[in-house]
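A.B. asks: Once you have looked at the hints, place chain B on chain A.
Protein chains: 2
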Amino acid sequence: MVILVSNDDGIHSPGIQALADTLRTIADVYVIAPDRERSAASHALTLHKPLRLEKFGDNMYSVNGTPTDCINLGINGILNEKPDIVVSGINKGGNLGDDVTYSGTVSAAFEGTLLGVPSFAVSHVAESDFKFETSARIALYLALLIKENSLPPGVLLNVNVPNLDIKDIKGFKITRQGKRIYDENAIVEKVDPRGKKYYWIGGSRLSWEKTEDSDFAAIEEGMVSITPLRLDLTEYGAVKSLRIWESSLNKKIGI
Amino acid sequence: MVILVSNDDGIHSPGIQALADTLRTIADVYVIAPDRERSAASHALTLHKPLRLEKFGDNMYSVNGTPTDCINLGINGILNEKPDIVVSGINKGGNLGDDVTYSGTVSAAFEGTLLGVPSFAVSHVAESDFKFETSARIALYLALLIKENSLPPGVLLNVNVPNLDIKDIKGFKITRQGKRIYDENAIVEKVDPRGKKYYWIGGSRLSWEKTEDSDFAAIEEGMVSITPLRLDLTEYGAVKSLRIWESSLNKKIGI
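Here the protein sequences come in this chain order: A and B.
Residue numbers for the first sequence follow numbering that gives the first Met the number 0, so the first one is 0 and each next one is one higher.
Residue numbers for the second sequence follow numbering that gives the first Met the number 0, so the first one is 0 and each next one is one higher.
Be a bit skeptical, because a hint or two may be false.
[Claimed, not checked] Quick partial rundown of chain B residues pointing at chain A, CB under 8 Å, derived from the structure:
hint, residue
1, Val1
2, Gln16
3, Arg23
4, Ile25
5, Leu50
6, Lys54
7, Asp68
8, Val99
9, Pro151
10, Val154
11, Ala185
12, Leu228
13, Asp231
14, Leu241
15, Ile252
Note that these hints are calculated values from the structure, not bench results.
Every residue, glycine too, gets a C-beta built ideally from N, C-alpha and C.
For reference, chain A alone in the conformation it holds in the complex (with noise of 0.2 Å):
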């Protein structure tokens, strides 16, 4: 079995070093990730600049890009074959509800999926004191898993960690996605010392909304969350209701 492995918080982040080791007992693991912090990256891709891969190690790379690049670059690049599965982490922190949308993490993960390998993302639910080894052996259930059972075309996984040892983890969920109460002072102004204006975004610890199922509650309640992404973006549901704006919209171009 070959694993590319990938992640946003950069090549030498505990977490993604990890993951390779304890993938590495069941595949031939090809690591290729970001050579600094590249947290919030989103999906983002760099087009107007070249990038560069240095070799760290055996099968092992960083690239001057986003984690996206880094699988893209990976799969239709570096590898002579298409890898079997593609595991993005593991994440200094949680991945969960909307953040989905802002994770580098997550988005490794995204790519894989479009390019047509199954992919998941692990991130580790914590501030400090990382209990890595949980998250990692989590992945590598997850990745036999996959390996045996594959999953639906189009869904990724995004799964998160809970910050204890593997034996007090309360189970597994499979979950959706949840959703953030935002702050409405999510900004900081600053002032710097030649007295110009700047601001910080994000500036304090949100809340979410008690769903039932969502990814939140799962880590609350001390279990992994496993939340079943898709690609396509499209809200089914609208594209009936919104049918009635064709015509109104017609009419404005005298169609």
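C.D. replies: Relative to chain A, chain B alone:
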């Protein structure tokens, strides 16, 4: 009516200027846009550096960040009131099929929707000789329609306009997100004057699957494509089908 406008081509793009000028005939328009091109920035959010705002004129600001930063900063920090609508564009080039997930333009509308404001992105499908006045006019019609009817919560519109005079537009179509056929040779490898390799992503133009009602198909027919997209990326079908994984994973950790 207050409209917040952004884009990913940067504040100096003629696309955003045409859009703002046209929308000004029906609303108070605020332009908050990246200070330079940020194509394929996706839903990236700047967390690790401070953001600077530069005033360019009445209600017009540039930010040294991504389209998502601009909307976040605009709604949470700069504007005195919540805008009625967020419009992102006019993008130089289409945002069709899976490309929407890479797009900074679409992500700005995503961010507006996340923050509770009805939002849409407008992209002009051309590579040169952009007839932006067509897209601007269509954005105006849509803004009026949204003001009147609002949008379902959690749903944004991804609008793509063919490069035609408005009288030659064949009509409006509510569509679904199409699917690219990916090129196996999408990476271009080059060697620099010092003998070191480098890579470009996205070497060649790609085709798309002939799906009925897709955004690609509408554009090919000379129609304006309007795709409703959702914030919730959960694949609910797979939430059900993957439930059986819970027990096999639980067994692995002795539950």
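A.B. asks: Indicate, hint by hint, whether the structure satisfies it.
C.D. replies: Tested hints:
1. Here the hint on B/Val1 is broken, as its CB sits about 17 Å from the closest CB of chain A, past 8 Å.
2. Interface restraint check: B/Gln16 against chain A, minimum CB-CB distance 22 Å, threshold 8 Å, status violated.
3. Among the interface hints, the one on B/Arg23 is violated; its C-beta lies about 19 Å from the nearest C-beta in chain A, farther than the 8 Å criterion.
4. Given hint, B/Ile25 at the interface with chain A, is violated; its Cβ is 13 Å from that chain's nearest Cβ, farther than 8 Å.
5. Interface hint at B/Leu50: satisfied, since its Cβ lies 5 Å from the closest Cβ of chain A, which is below the 8 Å cut-off.
6. Contact between B/Lys54 and chain A, as hinted, is not supported at the beta carbon level, the nearest pair being about 11 Å apart and thus beyond 8 Å.
7. Against a cut-off of 8 Å between C-beta atoms, the interface hint on B/Asp68 holds, since the closest Cβ of chain A lies about 6 Å away.
8. The closest approach between the C-beta of B/Val99 and any C-beta of chain A is roughly 6 Å, which is under the 8 Å cut-off, so the hint is satisfied.
9. Interface hint at B/Pro151: satisfied, since its Cβ lies 5 Å from the closest Cβ of chain A, which is below the 8 Å cut-off.
10. Evaluation of the B/Val154 hint against chain A yields a held restraint, the C-beta minimum of about 5 Å falling below 8 Å.
11. Below 8 Å, beta-carbon pairs count as interface contacts, and B/Ala185 has one with chain A at about 5 Å; its hint therefore holds.
12. Because the smallest distance between the Cβ of B/Leu228 and any Cβ of chain A comes to about 4 Å, under 8 Å, the interface hint for this residue holds.
13. Interface hint status for B/Asp231: upheld, as the beta-carbon distance to the closest one in chain A is roughly 5 Å, under 8 Å.
14. Interface hint at B/Leu241: satisfied, since its Cβ lies 5 Å from the closest Cβ of chain A, which is below the 8 Å cut-off.
15. Here the hint on B/Ile252 is kept, as its CB sits about 6 Å from the closest CB of chain A, short of 8 Å.
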